[in-house]
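Protein chains in written order, with this note's numbering: chain A, 1 to 282; chain B, 283 to 727; chain C, 728 to 1039.
The reader is advised that the hints may include incorrect statements.
Here are the in silico distance ranges between beta carbons for each label pair [to be verified]:
{"hint": "1", "chain 1": "A", "residue 1": "Leu23", "chain 2": "C", "residue 2": "Val886", "range": "20 to 28 angstroms"}
{"hint": "2", "chain 1": "C", "residue 1": "Phe1020", "chain 2": "B", "residue 2": "Ala482", "range": "57 to 65 angstroms"}
{"hint": "3", "chain 1": "C", "residue 1": "Tyr796", "chain 2": "A", "residue 2": "Arg178", "range": "48 to 56 angstroms"}
{"hint": "4", "chain 1": "C", "residue 1": "Thr1023", "chain 2": "B", "residue 2": "Asp407", "range": "36 to 44 angstroms"}
{"hint": "5", "chain 1": "A", "residue 1": "Ala70", "chain 2": "B", "residue 2": "Phe361", "range": "17 to 25 angstroms"}
{"hint": "6", "chain 1": "A", "residue 1": "Tyr59", "chain 2": "B", "residue 2": "Ser571", "range": "33 to 41 angstroms"}
{"hint": "7", "chain 1": "C", "residue 1": "Phe1020", "chain 2": "B", "residue 2": "Ser560", "range": "51 to 59 angstroms"}
{"hint": "8", "chain 1": "C", "residue 1": "Leu931", "chain 2": "A", "residue 2": "Leu50", "range": "34 to 42 angstroms"}
{"hint": "9", "chain 1": "A", "residue 1": "Leu112", "chain 2": "C", "residue 2": "Tyr796", "range": "47 to 55 angstroms"}
{"hint": "10", "chain 1": "B", "residue 1": "Phe361", "chain 2": "C", "residue 2": "Gln749", "range": "25 to 33 angstroms"}
{"hint": "11", "chain 1": "A", "residue 1": "Pro198", "chain 2": "B", "residue 2": "Gln718", "range": "28 to 36 angstroms"}
{"hint": "12", "chain 1": "B", "residue 1": "Pro408", "chain 2": "A", "residue 2": "Pro45", "range": "54 to 62 angstroms"}
{"hint": "13", "chain 1": "A", "residue 1": "Lys268", "chain 2": "C", "residue 2": "Tyr796", "range": "31 to 39 angstroms"}
Keep in mind the hints are simulated off the structure, nothing from the lab. Glycine included, every Cβ here is placed at the ideal spot set by N, Cα and C.
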Amino acid sequence: MSAAYSGGRARPSLPARIGLHTLLLLFSTLMLAPFGVMLLVSLVPLPAFLARDFSPAHYSLQNYARTFAAVPFGLYYANSTLVAVSVTVVQILISSLAAFAFARLRFRGRDLIFLFYLATLMIPFPVTLIPNFLIVKGLGWYDSYLALIVPGLFSVFSTFLLRQYYRGIPIDFDEAARMDGASSLRIWGQIIVPLSGPVLATLSIFVFQGAWNDFLWPLVVTTSEQVRTIPLGLASFVGQYSTAWDMLMAGSVIALLPVLLIYLVGQKWFVQGIALSGMGGR
Amino acid sequence: MQLKRTIVVGLLLAMTLILSACAAIAPQGGEQPEGGEQPAADETVVLTWAFWGSPAEKESHERVAAAFMEEHPEIEIEFWHQPWNDYFTKLQALWASGDPNVIPDVAFLWPTPRYAAEGVLENLDPFVAASGYDLEAYWPGLLESARFEGSVYGFPRDIEVNVIYYNKDLFDAAGVAYPADGWTWDDFTAAAEALTQKDANGMTTVYGLAAEGGKWAKWVNQNGGAIFDDYVNPSQCLLAEPAAVGGFEFFADLMASGVAMRPADLNQAGGDAAVFASGQAAMILQNTSRVSAFNAAGLNYDVAVAPIPAGGKPWNGAGGAAWVMSSGSDNKEAAWTFIEWLQSDGGGETIYTTAGEIFPALQSVANSPAFMTDAAPANKQAILTEAAASGVGGFGYFPEWGELSGSIIGPGLDKLWAGEADAATLLPELCAQVDQFLADNGYPK
Amino acid sequence: MRRFPANDSSTSARRRWRPDQQWEGYLFLLPSFLGFFVFVVLAVLMSLGISFSVWGLTGFRQWAGLLNYQQLMRDPVFWQAFWNTAFYIVTLVPLQLALGLTMAVGLNQAIRGVLFYRLVYFMPVVTTIVAGAIVFRLLLSTQGAVNGLLATAAGFFEVPFSAPNWLGSSQFSKVSVVLLTLWKNTGFTMVVYLAALQGVPRELYDAAHADGANSWQRFRHVTLPLISPTTFFLFIFQMIGAFQLFTEPFVMTEGGPANSSLAVVQYIYLTAFRDIRMDKAAAMAWLLFVFIFAFTLLQNRLQKRWVYYESE
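Whenever a hint applies, use it, and build me the whole structure from the sequences.
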């Protein structure tokens, strides 16, 4: 992407570049500092930290060992992964099918139903929080993976986004395929979905990140250690060890590391995806 | 027209679904037709027992259960354990499910009236009457916290007795005499001032006192103040009366003059046990729950009665989390057997007390060797003296107290503890909010 | 929002129902509609019903009319949470937009290291907010790094300094929440702005340049109007986000002290799950909805004055 920025663009003068870099580096420091502190404090024993003695002689992974012994982060990871992956895959599948129907099939009531969908886009999640809690409990799903996953499988927003995109694909593709005797399902699977790669990728990232970091809903519908996700595990860890900064920081690093690694590997898609999604209003 | 009709039909359909969903979600406590777990004569009854606590506390609960099952082989105890943070929301969810298979039969709970009002707790009066269980064995005022509409819904396991813990080394170093029975607020302030130390930069290294903001009720009641005119059916907030304001001022002045740690700082420093153990505070005001940790750490400390104001009286807020029985329990007789055993001299009370985990709710156990041991603190008589001065006045005994205290009174007083407002102006405003809350919730009833 | 090519499958000439697609359409829609009906439509209606009833731990007790709403109107804690949330909105939205735009403009220059900066700025966005809140608790504690830096700076410039109690005083607790949220979210704003900036045609700058506009004038009269749809989108997006702030105060300040950092959604949570007042909480959620809705409508009106659409 960087080539695109500079393409045909004048390089700023040297003083301007220095000023710019100073500003950008300042921002970088502010953004990175919390991560640095997290890492630093996680490496030194608590007494050394309390004495503000950060000399490298103290560095050890002791805190990590203790934190891992106190908290089943492995389990939290497995739970978060299960929940985030199922929500992402199934939500996009379901939304894609619905978006296909809204965008490319003609049936009675289509526009009315879509209008209903649109009308609910504005409703903030606190409104549905309490009834959804009651519904999940009524279904007997309280404190289970089902409670964490099923309500997340349906998204008006994803449906809306995909529908907008599908409408932009020329309808002639469908007509031609139908001439050849293709069913709607086939058109969806072999024409529409393959043509929507970038938007699907973007949406996946969004949904995955949202599901992975979600806090309030899991807080409300789960009780046992067995189904706890990372943010919840971390938060309850804070409650139990509110001033054991060494372990808190080690726990935070453990919780963040995989996400950051995934981000570092996939950051190109991450950032471009947002740009591509058309969220910028252009 | 077509559109309108569709919407109307849709709404009707939705309403039907809602009503049926409500019915599914809220089964009435009484009707559990299957009764799948009715015990046969030769079968053991399984009770689910819910409590919160740290891993160490859990161990001691397990020991209590083992001792009970030894005496009562016909009853088997299963645990349902959560950390304190999560305990209440999770327990509420279990009750709300209405499913007798997941509802704990016996639970550790606070505050009892809130839940009794929801109908999820069993009225224990009939069991008490049938078994002749002695309600007089409790400390004065203690059972009030577990009553609702006049009936007993739970038995407090322990009583919170707040005493002054003091660090003998710091007293010796500062040349301050150890606290004596009957010492006054003025004596206390003088001692705290003498104990406070600052470093060259003006940072306080030792505070005279570290106490949670929530301990204010002691000072208020000692000074003759009160929260309400009636703690069960209040019609008026009395916190702005001069006696109450005097209690708040005593506490706030200690913070303002820098001899008492501000609660927000205390919280960030890890709580009163941490600062007392590390010698950052010479005295703390706390209940007996700290004893085992301080003994384990080998601290050189003792306890003393709390100082009283000139013309005031000793006072201790009678309250403690209670064992309750679920109204949805399908083994109520066995649950009663367990609760009665838990709350008996020689049963659970004695085991918890011996473990050093509680100051017992039963006076006889407190006066028994289970409590009067040779272990520190030496001055156990101070704890007994404070316990004997127990009474109502620490909190409301009506269901909405938790909400009132958690949303209005507690946060309102934060400003006093932070030094952002003074008692004489803050409390009338706070009392007006409390009165408004009471009126909104239909008090007095 | 994005406007799609005019190839529209539902233009009037083609608008007719196709009988063969009637049931197919429903089948494709079915999974989505089931979820939509239960977790959105049903939930919304239930929530409305609950807000007009007395709803206890064991469920519905009786209808209550407007009782819950009237209680809320008189509830000082609700109003405090409301004004706190208003504070979050009026600080967070402009600051995020300004900082995000500054970063994006900086990264839209022909300089080295753009990829690195972008990578770094976006890092907090993917971070679990709970972990962020924990570090900020440490950084902002009375004897934490932030106060240490401030004291050093004050010593250097020889100005008197008393360490602010970021988390424990009611003047600063909201500021702490704002700082955490800025750290967490500004990278997102930056990326969206960057995409918009890259969509501004070069020719327009060249033309402005030829007319003698300096760089500030070019920014003010070319860039800003052209990216105004993005600004509008971000404005609404961040505003709704700020309305729904929960985890940041919940983990970092617990809403305190003196409810000074309590957000409305946090109070909804506490009311529903700590005080077991689902009814009051549901009413609060509806009031929040009304506010968000009114605000968005208002903004939608006002946007005509400052948002520039190429095709209009």
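Ascending list of hint numbers which this structure does not respect
4, 8, 9, 10, 11 and 13
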